[in-house]
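Asks: From just these sequences and the hints, can you work out the full model?
Here the protein sequences come in this chain order: A and B. Sequential numbering of the first sequence, starting at 78, is according to the numbering used here. Sequential numbering of the second sequence, starting at 78, is according to the numbering used here.
Careful: at least some of the hints might be erroneous.
Pairs count within a copy or across copies, as identical chains cannot be separated in the list.
Derived DSBU-like pairs (lysine-lysine); straight-line CA-CA distance at most 30 Å [to be verified]:
1. LYS180 to LYS435
2. LYS160 to LYS435
3. LYS404 to LYS196
4. LYS204 to LYS435
5. LYS96 to LYS344
6. LYS180 to LYS344
7. LYS344 to LYS160
8. LYS178 to LYS160
These are calculated hints, taken from the structure and not from any lab test.
Number of protein chains: 2
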Amino acid sequence: MENFELQKTDLLARTGLLKTRRGEVKTPVFMPVATRSAIKGAVSFQELSDLGASICLGNTYHLLLRPGDDLIAKLGGLHAFMKWDKPILTDSGGYQVFSIKKKKITDEGVYFNSHIDGKRFYIDAEKSIDIQHHLEADIIMAFDECPPSKLRLSPEEKQSKMKIMGISDEALFEKKQNRKLYFKVKKAVERTTSWAQRSLDAHWKKYPISLSPTARPQIFGIIQGGCFPDLRAISCKAITQMPFDGFAMGGLAVGEPPKAMYEVLDKIVPTMPEEKPRYLMGVGTPTDLVEAVSRGIDMFDCVLPARNARHGLLYTWNGTVKISQKKMETIEAPIDENCGCSVCKEGLSRAYLHHLIKVGEDLGKRYLTIHNLYFYQDLMRTMRKKIETGSFQPWKNEILEQWQTKTK
Amino acid sequence: MENFELQKTDLLARTGLLKTRRGEVKTPVFMPVATRSAIKGAVSFQELSDLGASICLGNTYHLLLRPGDDLIAKLGGLHAFMKWDKPILTDSGGYQVFSIKKKKITDEGVYFNSHIDGKRFYIDAEKSIDIQHHLEADIIMAFDECPPSKLRLSPEEKQSKMKIMGISDEALFEKKQNRKLYFKVKKAVERTTSWAQRSLDAHWKKYPISLSPTARPQIFGIIQGGCFPDLRAISCKAITQMPFDGFAMGGLAVGEPPKAMYEVLDKIVPTMPEEKPRYLMGVGTPTDLVEAVSRGIDMFDCVLPARNARHGLLYTWNGTVKISQKKMETIEAPIDENCGCSVCKEGLSRAYLHHLIKVGEDLGKRYLTIHNLYFYQDLMRTMRKKIETGSFQPWKNEILEQWQTKTK
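Replies: Laid out in C-alpha cells, this is it:
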C-alpha cells in the first residue's frame, strides 16, 4: 500500500492523502510544533485536535536533552507520554544542532554541547534515527547538515577579514565570501547525501522495507543546497533516487529573502517525485504557505504562528492584528468576528486580550496561540478546498494582493 | 427575600445557600481568585466552571491599576469583560493597599503608590465601593484597614530600637512591641468601623437598602482585631450591628500561627449572626478549610492552590505531592488515580507533568493549577456532603489525622 494518494491538482498545487500507521492526513497540511512534548503557550493537545490539527511535530534535539529519548521510550513513546494519538513527525535534530555555535562537524557526525548545561553530546545518522525510533515517531526525518544561508560577519569581523585577505573592495570580498559559502553548502550536500543513505540503512535495520509504509514509521529524505540552483539540483537528484517515503526541502527560510526561497521551489519542486509527499521544513508566514502550495508543496511546519501569538501578533483573513496596540484597549469586538476558533466564538474582546497581554497573564498567550494555530488550519482547509474545486489560482492572487495591501 | 438560607448544621459546621443576583452558591464554598480578571496559570473561566467553581473573586486594587475600573465599566463590567456569568466577589482593595510599604494612612483614606509605575493613588471607603460598583461585582466588601499580625523587625532594626529605648531584655522589648501592635490594631479596628459605615452609606446611595439582596449587589462587612480577643470582640460587635448582607473575618492568615487563627475563630464565630454568611478572607490550606468549616465558616478565598500548583506542590486526598522531585521522573501514574479532575482523568502521568515543570512549559502550570483548584472544590463538596449526612465530625478527625501523618 502506498503512503501517499495524490488527489486533485490545480496547475502545480495539489491535494492528497498522507497515510500513516496512526491515521490519514489531508494535504496540504500545516503541522504545529510541540517542541518539548508541549505546544508553547499552554495549549493542550485536546485543543490542538479541536482546532483542526491532524499531525504535529516533535523536536529530537530538545527531547534528547530533556527528558531523554530513553525515558520516553520506557514510558511508551511520545504519543503515550504527551497523550496525542494522531501522527507525529520528528525532525532529525540536525537543524537545532547546526544552529549551536560550539560544535564540531566531521563526516561521521556532530559533537555539540547542550544549550542547557553545556553537557557534551554526539549525534550522527544512526543515533538520530535511533532516537526517533525511541520516540515512536510516525514520520522520521533523515539526518542532514543544514548550512547557513549566509556567512554572517559583524562589521568588525568583516573589516578584520578584509585586512587579513588584503582586500579593500567590498564587492570583491562579498564575491569571495559567497564562493566560500558555496563550498560550505556543497560539503553539506555531500554529507547530507551520505547521511541520508546511513539514515535509511539504520531505519530498515529496525523496520524492513518490505513492511507497508502504513504499518511502520515512514522516513523522509532531506534536500539541501541553500540558494545555489546547481547544488539544489544535485542534492535533489541524489536524495530522490533513494527509496524514501517522502522528500523534504531543508535549509530554506533560514534568513534568505522570500523571493530566493520561491525561486528554489520554482526550480526544484517540479523535479521531485510526484507520487511522494513534499515537505517544506520550517515554513512559514501565511503568504509563504500560499506561495509554496502553489508550487506543489504538501507539508509545512513552523513555530511562527505560536511565537507571534505570544508576542501579540495575530493572523486574520483581513491581515494581521497587533493586540498590544493602544487602540485595542477599548475594542469590544473579538479578534475576527468571522473566525471559528474557540476564542473568537466565545466573543472574548480585543480589549480583554489586550489587557491580558499587557499585564502578562499566561491565559492571554494561550488564547492568542489558539487563534493563530486555528487560522493556520483554516488557511490549509481553504487551500485544499480551492484546489479541489479548481479555483486555487484566482483565489491565490486575490488573497495575496489583499494581504499585501493590508500590510502596507 | 433573604440572601442566605441556612440548611444543615453539624455542631458548628453548617451548609447553606447563598443567593445572589447571578445565581445561588452552595456553602461552605471556596472561591478561586481571578486577580487581574484571569486565573493565573492560564486556566480559562470555562475550565474554572467545569471543575466546579460557582463563584470567583476579583481584586479591586489590581483592576483599578490595570486596566482601570472605568474601562471595565465601559466594557459592560467584569463579567462581560472576562466572560464569567456566575457571581463575582470583589475585595475592597484594602488588603493589597495595606501591604504596600510606601503609603500614608489617615482617618479619611489611604494614599499609595502603584507597585507598577509608582503612580500616586488615593482610595477610601467611597472610592472602593465606587470601583466595586464599576466592576459590577455581585458581592462587595466594605473598605477596611488590615493591620499586620506582627511588627516585623530585622535583627539590626531590633538591636537599634532596643538601644534607643535603653532596653537590654529581649522579653521586655517583645512585650513592649506587642503593646505597640495592640494600639496599632485598635486604631485599625476603629477606622474599620468608621469605614464600614461609610461603605454602607456609599453602597445604599446607588442600591437602596429596600431592594432585595438577590436583586442588587450585596455588601459584606469585615471584622478586624488581629489576634487580640478583646479587639476582635469589639470589632465583631460594631460590624455585625450594621445591616450588612454578610460578615467577613479579615486580617487572619497574615503570618500568625494556624493555632492563633483557630483560637480567634473559636471565640468570635459563635458571636456572629447565624442567619448571615460568614467569610474567612484569604484562607487557606486544606487543613485550614476543614478547621474553619468545623468552626462555622461558610466562605473562603485563597491564592494558595493556584500558587502552589505553579510551584509544583499538589494536593490530593492522600496528602501533598511535589511534582518536581526526581522520583516523579519515571512515574506513569497520574497525580491521583481517584481524582476526577480533567488532568487526572486524561491520565497525564506524573512523569510528563514533572517534565513540563522541569523545562518550564506553561502547559505544566496550567495542568497543575486545574488539579489543585479541582481538589479544593472536591474538598468543599465533600465537606458539604459530610455536614448534610451528619458525619462531618468523625470525618474531620480522620482526614486531619491522615494528612498530618502523610505530611510528616
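Asks: Tell me, in ascending order, the numbers of any earlier hints that this structure violates.
Replies: 6, 7, 8
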